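Chains as they are written, first to last, in numbering that gives the first Met the number 0: chain Y, 0 to 277; chain A, 0 to 388; chain G, 0 to 309.
Hints are supplied without guarantee of correctness; some may be wrong.
One-sided excerpt, in silico: chain G residues whose CB lies under 7 Å from chain A [stated by the list, open to error]:
hint	residue
1	GLU111
2	ILE198
3	GLU201
4	ARG212
5	PRO224
Chain G is faced by these chain A residues, among others (derived, beta-carbon under 8 Å) [to be verified]:
hint	residue
6	LEU23
7	ALA49
8	LEU51
9	ALA71
10	ALA72
11	VAL97
12	PRO98
13	MET101
14	ARG102
15	LEU104
16	PHE297
17	ALA367
These aren't lab readings, by the way, just hints derived from the structure by calculation.
What you are looking at is a predicted structure, and each value in this text was computed from that prediction instead of being measured.
For each residue, glycine too, the CB sits at the ideal point set by N, CA and C.
Each chain, written out:
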Amino acid sequence: MNNQSISLARIIRLSVLSVGALAFLAPYIFMISTAGKAQSDIFTSSLSLIPQQWFYLQNFAKALSRVSMGRLLFNGIVVCGLILAIQVTIAIPCAYAMAKLKFRGAQAMIVLVMLGLLVPIHATALPLYVAFDRMSALNSFFALVAPFSISVFGIFLFLQFFRAMPDDLIHAARLDGMSEIGIIGRVIVPNAWPAITAFAIFSVVAHWNDLYWPLIVVSNQAYATPPLGLLYFRAAEAGDDYGALMAATLIITLPLVLAFLFAQKRFVEGITMTGLKG
Amino acid sequence: MSALSLRDIRKSFGDNQILKGVSLDAAPNEFIALVGPSGCGKSTLLRILAGLESADSGEIRIGDRDIAQLPAADRNIAMVFQSYALYPHLTAAQNIAVPLVMRKLTRSQRLPLIGSVMPGQRKAVAEIKREVKEMAVSLKIDHLMDRKPGQISGGQRQRVALGRAMVRRPSIFLMDEPLSNLDANLRVHARGEIVELHRRAGVPTLYVTHDQAEALSMADRVAVMIAGDLLQLAPPQVIYDDPQHIEVARFIGQPRINLVASQVEADGTVALGDARCGLSDRTVEPRAPVTVGIRPEFVGVTRHGDTGLPARIERLEFLGSEIIVYARLDAIGDTMIAKISPAEGAGLVSGMPVRLQVAAEHLFVFAADGQRMPSFPLTTGAVREAVHG
Amino acid sequence: MADMAAVPQTIALPAPRSAPLAAEARSAWLLSLPAIVLVFLFILLPVVAVIGLGFTDFELGYAGFKFVGLDNYIELFTDRTFRQSLWNTAVYTAIVTPISILMALGLAMLIEAENIGRSFFRTAYFLPVASLLVAMATVWQYLFHPTIGPINAMLALAGIPGPNWLGSAGTVLYSLSIIGIWQSVGFNLVLFLAGLTAIPRELYAAAEVDGARAAYDRFRLVTWPMLGPTTLFVTTISIISSVKVFETVKTLTEGGPNKASEVLLFTIYKEGFVYLRVGYASAMTVIFLAILIVLMFLQYRLQDRQVHYT
């Protein structure tokens, strides 16, 4: 009897969702379309999605010749990889000690972590920049990585996760004769993969996309990360060569978008954790 | 006249038949327990009755009104949920008031701020407050009215849930395992309370549980549901003493009934050891496969003598007032369970060879399709009486 | 290694009860030492330094500096750029936060109610969150282009003269807000979806049985209150990330035209790293940090009140 109204509600619901999704995907659609258009094409018919002349090759060639895309992607991978590796290595033992070992500092360290969560890189950038400048350490991987070697958010996340692990697991490991390092390596880490994966995605997305810090410490193309490289490319393309510009954005956006499409569920988990950090 | 009547309710999810044509009538004031293993469809039946799900076919009548097409809100059926489903952001008093607010206030009267200036709102609200108060007093929870569900104990939450269900005087009362979240002591106590509340409310109550002790101890009639079929609906004593289906016999009774595969003999009788009974139905073919059932309390254990089934004790469980004996039959290897008094069990140890005495008048015979076959004893329980003496 | 030696010792010597505890404390300190050092080095020390520098006239490139007391803060209050920047940040936040939250809540409820295409819709709305913002800002620049951009081309089809979105002082903040909303809805949406799925189904059943006939009644009785903690959380996160808006401004407008899109972080960036007036920029940073702390504090307070929620 109310089948009719149900299907009407569904039609409205689905159309709202679809129109919304189309609007949200529109920038991607135009990016892909415009990356294949010739300059004249862009100026005359901005609303037709299919390029009149197939200009993908020329645009991509232009994008790749102006800025070394390979270099950018390589830098991005090195920086994000180093940051992640150091963060995890530092945060896990610390979180383990705070969660499972009795020592006087634990309480104070929780306060420290909570305070640390409040402070974004934007707040510490000035003194760090001055210090790196004094050390002549600007324009280096060191400058890009060092401030992020400590992730209080990582400590916070692992702390929550380790607290939920049963104490008996650790007691059993101790009775089996493992050292604390051995416990971390052979008991904690193998059981913490969900947390590590989520944190890894969070960390990589955050630092891959970060513009603020690289912009400050890098003025040399050799160390440019993807967002910074794109800025350089835009500066070099003074005119409105949107074909090449879109080709460049496509190349730079693609790695993370592909990774996201392949591992959506983990990505959503990992990125929404940013929320906790604030 | 029946107060509630379900006719041939059917429901499937995809290929999965959850309810295979369930019919049931409840008298006014009747307390019916729907019992069955998990997944038998009892909760689905309850949700269909409440209007939370729709049946594929069938008829639901309250009095002479067919309510199968009405939305849940218009059925005047109250339900107590397994998790109680109290609104966590509302106080106990506000929780109990919700059904009244939804029914007695118009939508504009319910609006925040604006609602309080609507005509008649004040009077209606005062009325609701009075009814909630009365309910709280009768459930002895009036001191908890300002607390939120998170601040009170499980037993108290359950009372609030009962209050919310009863406050609007529903025409039917549904309860979905309302005691399963309470600890064991409280549960036994709450049984009595719910029966008492039911008596006071005076409306038919359908009570879903998987706990046979709850069903047998609380209900006027017990409905046993197995795999989407309502197999038997009868008073507790009848369900226990006279099960009409092998699954009913198997499900009800603790420890479980002994079931031994057998066949009809050439003379049309069925035997288990020395106990023999005849079948009322003379047309049964000889050699037809049947299952013979005997409840553990009607199995005797003797150490000497040459009557009864030879068996060997596997395990003994001492339970204080009784002893449960698990013994493996020498002939067929089945394990039989006997419930005997400590006096009878004196001197028994595991591994000991014994004889099991079965009383013929307590044998149940089930056909291959599970239906009970009417039977009468041919031997007497004299052997067992002798043992007892 | 100290911690390895500790284990047999524990078993061999039962007498002094403090020995194993002391060993445990020692390994705990060792394990957390690197983290502690780095927290001091990269978080605490710089924060203290920023506060300190805020009272100096330090400029990079000049040798000395002297303490100037509250001069920087006094200058801030009269600095038209800074005031403009605070105002712009506030306007941007006031636009982006409510719209992206309401859109996300509405879309999340639609997606939750629909059983087909769930993961497609979630992906579509979440994609901007996973994309490089600098790159997507460039795409938006093209979409917003006054003459060749598709948005104005579409408006022209409808006979409406399109504005110069990013190029005019009157519209630039709204254009940036559109990008901000586009970028953050997916994030909020996913949080709301998680919040919605966490609501026990039995509560909706109870609401129906209790007489909540209309969808609106069930929303008022169950959905909205049950989403309370999620909404508070999403609101705080959205405000904080709006206050931190930087990438789009740096990429697209550089604060212009005519300072109409100067926002807090961009002003700090310009003062500190372009003009190298570190002391002055530090004072701005302190204010930025104070805003974040107040927001966090408000969230904690509100959350505290909902302690008895479950």
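Status of the hints after comparison with the structure:
no.	hint	in the structure
1	GLU111	18 Å, violated
2	ILE198	10 Å, violated
3	GLU201	4 Å, holds
4	ARG212	4 Å, holds
5	PRO224	4 Å, holds
6	LEU23	20 Å, violated
7	ALA49	6 Å, holds
8	LEU51	5 Å, holds
9	ALA71	4 Å, holds
10	ALA72	4 Å, holds
11	VAL97	5 Å, holds
12	PRO98	4 Å, holds
13	MET101	3 Å, holds
14	ARG102	5 Å, holds
15	LEU104	10 Å, violated
16	PHE297	43 Å, violated
17	ALA367	41 Å, violated
Hint check: violations occur at hints 1, 2, 6, 15, 16, 17; the rest are consistent with the structure.
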